[in-house]
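K.L.:
These are the residues of each chain, in order.
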Amino acid sequence: MSDFWSRTNAARQPQLQHHQAAQPANLADLLERILDKGIVVVGDIKVNLLDVELLTIKIRLLVASVDRAQALGIDWWEHDPTLSSRVGQSMLAENRALRERIVRLEQAAEGGADD
Amino acid sequence: MIESGVYLYAVARNPEPDRLASVTGRLAGVATLPVRTVPRTGLVAVVSTVPLGEFGEQPLRRNLEDLAWVEETARAHHAVVALVARHAATAPVRLATVFHSDERVLDLLAERRAEIDTALSWVAGHAEWGVKAYGVPETPGADGTATPGRVNPGTAYLQRRRSQRSDRERSARRMAARAEEVFSELGSYAVAARRHPPQDPRLSRQAGVMLLNAAYLVGDQDGDDFVARAEELDGRLDDVRVEVTGPWPAYSFISLGEA
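Chains A and B, in that order, give the protein sequences.
Letter 57 of the first sequence, counting from 1, is numbered 162 in the numbering used here, and no numbers are missing.
Letter 250 of the second sequence, counting from 1, is numbered 268 in the numbering used here, and no numbers are missing.
Each hint should be verified, as a subset may be incorrect.
Claimed, not checked - A few chain A positions that, by computed beta-carbon distances, are all more than 12 Å from chain B:
hint, residue
1, Ala198
2, Glu199
3, Ala202
4, Leu203
5, Arg204
Unchecked claim - Coverage of chain B stretches by chain A, computed from C-beta distances (three or more under 8 Å per stretch; other residues unrestricted):
hint, region
6, 54–67
7, 178–192
8, 198–207
What the hints assert, rightly or not - If you want a taste of the chain B side facing chain A, the calculated C-beta under 8 Å gives, among others:
hint, residue
9, Ser22
10, Gly23
11, Ser40
12, Gly71
13, Phe73
14, Glu89
15, Arg122
16, Leu124
17, Leu126
18, Ala128
19, Thr136
20, Tyr175
21, Met228
22, Ser270
23, Ile272
24, Ser273
If you're looking for bench data, these hints aren't it; they were derived computationally from the structure.
For every residue, glycine included, the Cβ atom is placed at its ideal position computed from N, Cα and C.
With the rest of the complex left out, here is chain A:
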């Protein structure tokens, strides 16, 4: 495959570049263009566009490849109820814990402000 657009961002230079032939296409830039721009024709193979639209919204966030994102600790889609069945109790538990913590902090702040 041509490496015309597929170089990684790793070699980015600090200076603004005039990317002529050496454009590293970042995945988010690419996906926001080719998933929902361009000619929309209904092919014979029909993909449920609603599903794809949903994916588009999620994917628009993605700059790095999945591996790179995971290496960076970015794995939100694995916990996203719309993308994963692994919603799990942990998120609910975390929400509950945070809510309780807010209540405690608010009480502490009010108690402090009274005296």
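Given the structure of chain A, go ahead and fit chain B onto it with the hints provided.
P.N.:
Okay, now just chain B, sitting in the frame of chain A:
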């Protein structure tokens, strides 16, 4: 027999059919399949024959949920579109558009000939440039220390939060104004401009908040001036970093609706 479909990348003007065919013939497309051209009176569809085991309706739906597959396919799709766009006025087609046969693709070209011609005339001799502007994060002021030591910690905390909030609001207003400034200054070099939603900071891996994520359609002869102007803005504005990508095929400026 393995069932196959025809994956459509783009529709282009075809002034020199043989030349375009020889260019695309050297390229691997989606799933590293060969790329070929299907000509029709002055237009050409750029396609690959694809197995329906991967690009049929059900597999496609499954594959579109697989981010690694999406990335690989998107890059291959783009490589083809970009190459074609360097040789001819090109209308890119959305990712993963698959037909049963070449004839079905030709039917499409015939049915929507007028629209396609209009779109191609619009982008011919132009390229898309992407411009992103990031607010350079301010170093947090030492304002927290201004709180008198006598105030109890809860009150101090609230005061500090209030002051940080108003700083943030001021800064957000200034940044929004900067984004408008960059967007409109560069607009004078372009025949059209579009704004995409800013990308998520968690994943852009760039310092600062993305203020602007725009695309411009710029005449080929004005590309250098456009980029120079963006560089000049990048250098002149202390609180904004301006980043240019391109030239891209005119993805953001071809918007034929569904028919």
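K.L.:
Compare the structure with each hint and give your call.
P.N.:
Evaluation of the provided hints:
no. : hint    : verdict
1   : Ala198  : holds (22 Å)
2   : Glu199  : holds (17 Å)
3   : Ala202  : holds (21 Å)
4   : Leu203  : holds (18 Å)
5   : Arg204  : holds (19 Å)
6   : 54–67   : violated (count 0)
7   : 178–192 : violated (count 0)
8   : 198–207 : violated (count 0)
9   : Ser22   : violated (11 Å)
10  : Gly23   : holds (6 Å)
11  : Ser40   : violated (15 Å)
12  : Gly71   : violated (12 Å)
13  : Phe73   : holds (7 Å)
14  : Glu89   : holds (6 Å)
15  : Arg122  : holds (6 Å)
16  : Leu124  : violated (13 Å)
17  : Leu126  : holds (6 Å)
18  : Ala128  : violated (13 Å)
19  : Thr136  : violated (12 Å)
20  : Tyr175  : holds (7 Å)
21  : Met228  : violated (10 Å)
22  : Ser270  : holds (5 Å)
23  : Ile272  : holds (5 Å)
24  : Ser273  : holds (7 Å)
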